[in-house]
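So the sequence lines, in the order shown, correspond to chains A and B.
Our numbering numbers the first residue of the first sequence as 280 and each following residue consecutively.
Our numbering numbers the first residue of the second sequence as 280 and each following residue consecutively.
Honestly, the hints are just simulated from the structure, not real lab data.
Careful, some of the hints might be misleading.
Pairs count within a copy or across copies, as identical chains cannot be separated in the list.
[What the hints assert, rightly or not] Below, in silico cross-link-like pairs of lysine-lysine (DSS-like), each with a Cα-Cα straight-line distance of 27 Å or less: (1) Lys281 to Lys478; (2) Lys318 to Lys459; (3) Lys587 to Lys281; (4) Lys281 to Lys555.
Number of protein chains: 2
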Amino acid sequence: MKKLINAVDDVLTESLRGFGRAHAGIVEVNEDPRWVCRKGGGRQGKVALISGGGSGHEPLHAGFVGTGMLDAACPGQVFTSPTPDQMLAAAERVDGGAGVLWIVKNYAGDVMNFELAAEMLEGESATVLTNDDVAVESSTHSQGRRGVAGTIVVEKIVGAAAERGDDLAACAALGERVNKASGSMGVALTSCSVPAAGKPTFELGEGEVEMGVGIHGEPGRRREAMRPAAGIVADMMEAICSDLEVTGGEDVLLLVNGMGGTPLLELYLVYEEATKACAARGITVARSLVGNYCTSLEMQGASVTLTKLDAEMTALWDAPVRTAALNWG
Amino acid sequence: MKKLINAVDDVLTESLRGFGRAHAGIVEVNEDPRWVCRKGGGRQGKVALISGGGSGHEPLHAGFVGTGMLDAACPGQVFTSPTPDQMLAAAERVDGGAGVLWIVKNYAGDVMNFELAAEMLEGESATVLTNDDVAVESSTHSQGRRGVAGTIVVEKIVGAAAERGDDLAACAALGERVNKASGSMGVALTSCSVPAAGKPTFELGEGEVEMGVGIHGEPGRRREAMRPAAGIVADMMEAICSDLEVTGGEDVLLLVNGMGGTPLLELYLVYEEATKACAARGITVARSLVGNYCTSLEMQGASVTLTKLDAEMTALWDAPVRTAALNWG
Chain A
280 MKKLINAVDD VLTESLRGFG RAHAGIVEVN EDPRWVCRKG GGRQGKVALI SGGGSGHEPL
340 HAGFVGTGML DAACPGQVFT SPTPDQMLAA AERVDGGAGV LWIVKNYAGD VMNFELAAEM
400 LEGESATVLT NDDVAVESST HSQGRRGVAG TIVVEKIVGA AAERGDDLAA CAALGERVNK
460 ASGSMGVALT SCSVPAAGKP TFELGEGEVE MGVGIHGEPG RRREAMRPAA GIVADMMEAI
520 CSDLEVTGGE DVLLLVNGMG GTPLLELYLV YEEATKACAA RGITVARSLV GNYCTSLEMQ
580 GASVTLTKLD AEMTALWDAP VRTAALNWG
Chain B
280 MKKLINAVDD VLTESLRGFG RAHAGIVEVN EDPRWVCRKG GGRQGKVALI SGGGSGHEPL
340 HAGFVGTGML DAACPGQVFT SPTPDQMLAA AERVDGGAGV LWIVKNYAGD VMNFELAAEM
400 LEGESATVLT NDDVAVESST HSQGRRGVAG TIVVEKIVGA AAERGDDLAA CAALGERVNK
460 ASGSMGVALT SCSVPAAGKP TFELGEGEVE MGVGIHGEPG RRREAMRPAA GIVADMMEAI
520 CSDLEVTGGE DVLLLVNGMG GTPLLELYLV YEEATKACAA RGITVARSLV GNYCTSLEMQ
580 GASVTLTKLD AEMTALWDAP VRTAALNWG
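From just these sequences and the hints, can you work out the full model?
Set out below in structure tokens:
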């Protein structure tokens, strides 16, 4: 395992320092406890959106802090849940008096710690639990489905709703709606290596792929022989479309997400294959996003996410966003 | 070698199709001959900026086509120069009557083919040759220094100048100025694998790094034992600052560029180390960019680029840009 790091214990601190410095116009970074928030903190009267989770999935979540998306993010150690004190401190910094919406990927540690934070928080809060991964029903770190790249779609769309002034109940309901309309599946060509472990999280043969892999290297649906992208993507799309009960005629957001170690050249090819699967089902790809957004360190592989869009969701997706990782409008 | 591709011969066509479809609001993609241009083509009276080179460095160059940056890009096969007929066809599509500026990375094949295109073009043209790589004086595919990530800085700053109406001579002179003010150096932790070759371009031991590697895996200054990022980055910064004759007091743009397979977590740590080297020399990091912009397929590693900024260059860097890979202002 070779990584551009210094001491294993300092990776997160040093990386977040760099992140804060590089994006000083957008974010503030606090080191103890660790949180990242919008520059200047929260806005009075606005629902505060806070997410977080283990590090190693960058730009998720800190890269999505900024106008039109998250108010704060709480990074845990690599693949390790953040703690309630981080979440509480972040909430104090960004609470604008209209309540806090926690956006939580469905992993046992995250769920437990965000629940504790919600209990300890004096003000009102609600939680959106994301579980868009259609690959498996429960997994190493989760009861029920895992939350993966669809979380970004939730953060973007609900972020825009909070920005225009939707209240806490409306933001929470919208988050549930977007999560339910979203399905994802990933594939791994290689494992990732957690810095503190110093070795690959799992073994995968030179001729094998893991279909339905989790973003921490958790097992997927099956291990199979490497084959052309067309077949791999077709199977992922079939799993997603079946889960979402796609009937044709839908407008969808198509997100092709790199796991961190796969070049854009391949991600755009995966995207092209995914659009073929949409066309074959009579689905219209109304919005697209291609890149490394919810990663697994240096894992090679990709995931595909579909979100069935309605007019409101589409308009909120298009709304302006100013973060380190997404910037438009 | 595992890649998310179908037949090796179809990689580029299929990937570009996906790219064009995902960014249909920004670009047009032509397949034969291959070029990518701004949606709607060139603008009357504006200098047309055209770049290109081998594929495998995505998002370079097609990801930088759009308002405020390139008018067109000509992608060759992976790590292979595009041909003059691509460049001529692109020029015909985007020429606005104010001349064409070719932005060419200094590799023998690119230089030769862009020269041929310039000779064949009926209208006026000029060339900016980028050679920002301070690692070696000449290399496998180049006489003189290689052009690497500094090319992006040239494309952004000259792109903004062309957008505001600077003429061909002014754009060419500005490009020379930015290139001369820029220095880069890279490090590889792993090799890349060209799809058609099917195996790693070079061998690198588990405990080794290649200091000063080229973006096609060309040899650098030396191969050395893996060590903490602090020392690696300090040596890269020393090489760059010495080449740029930094004396202290300068404002710089600091670009930390991933080679394609290194996670953002590490790139921000590299950025943090690079800012320390700037602070130690009394240099002010006035602008920053961190991410995968000039890649070498799935190579693990990073490069650092410094550009000494003056007020005009800073303002042009800040000017609005709307491309697949850069979007701000």
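Here's how the hints hold up against the structure:
no.: 1; hint: Lys281 to Lys478; in the structure: both (10 Å within a copy, 20 Å between copies)
no.: 2; hint: Lys318 to Lys459; in the structure: neither (31 Å within a copy, 35 Å between copies)
no.: 3; hint: Lys587 to Lys281; in the structure: neither (40 Å within a copy, 31 Å between copies)
no.: 4; hint: Lys281 to Lys555; in the structure: between (38 Å within a copy, 22 Å between copies)
Checked against the numbered hints given earlier, the structure breaks hints 2, 3 and satisfies all the rest.
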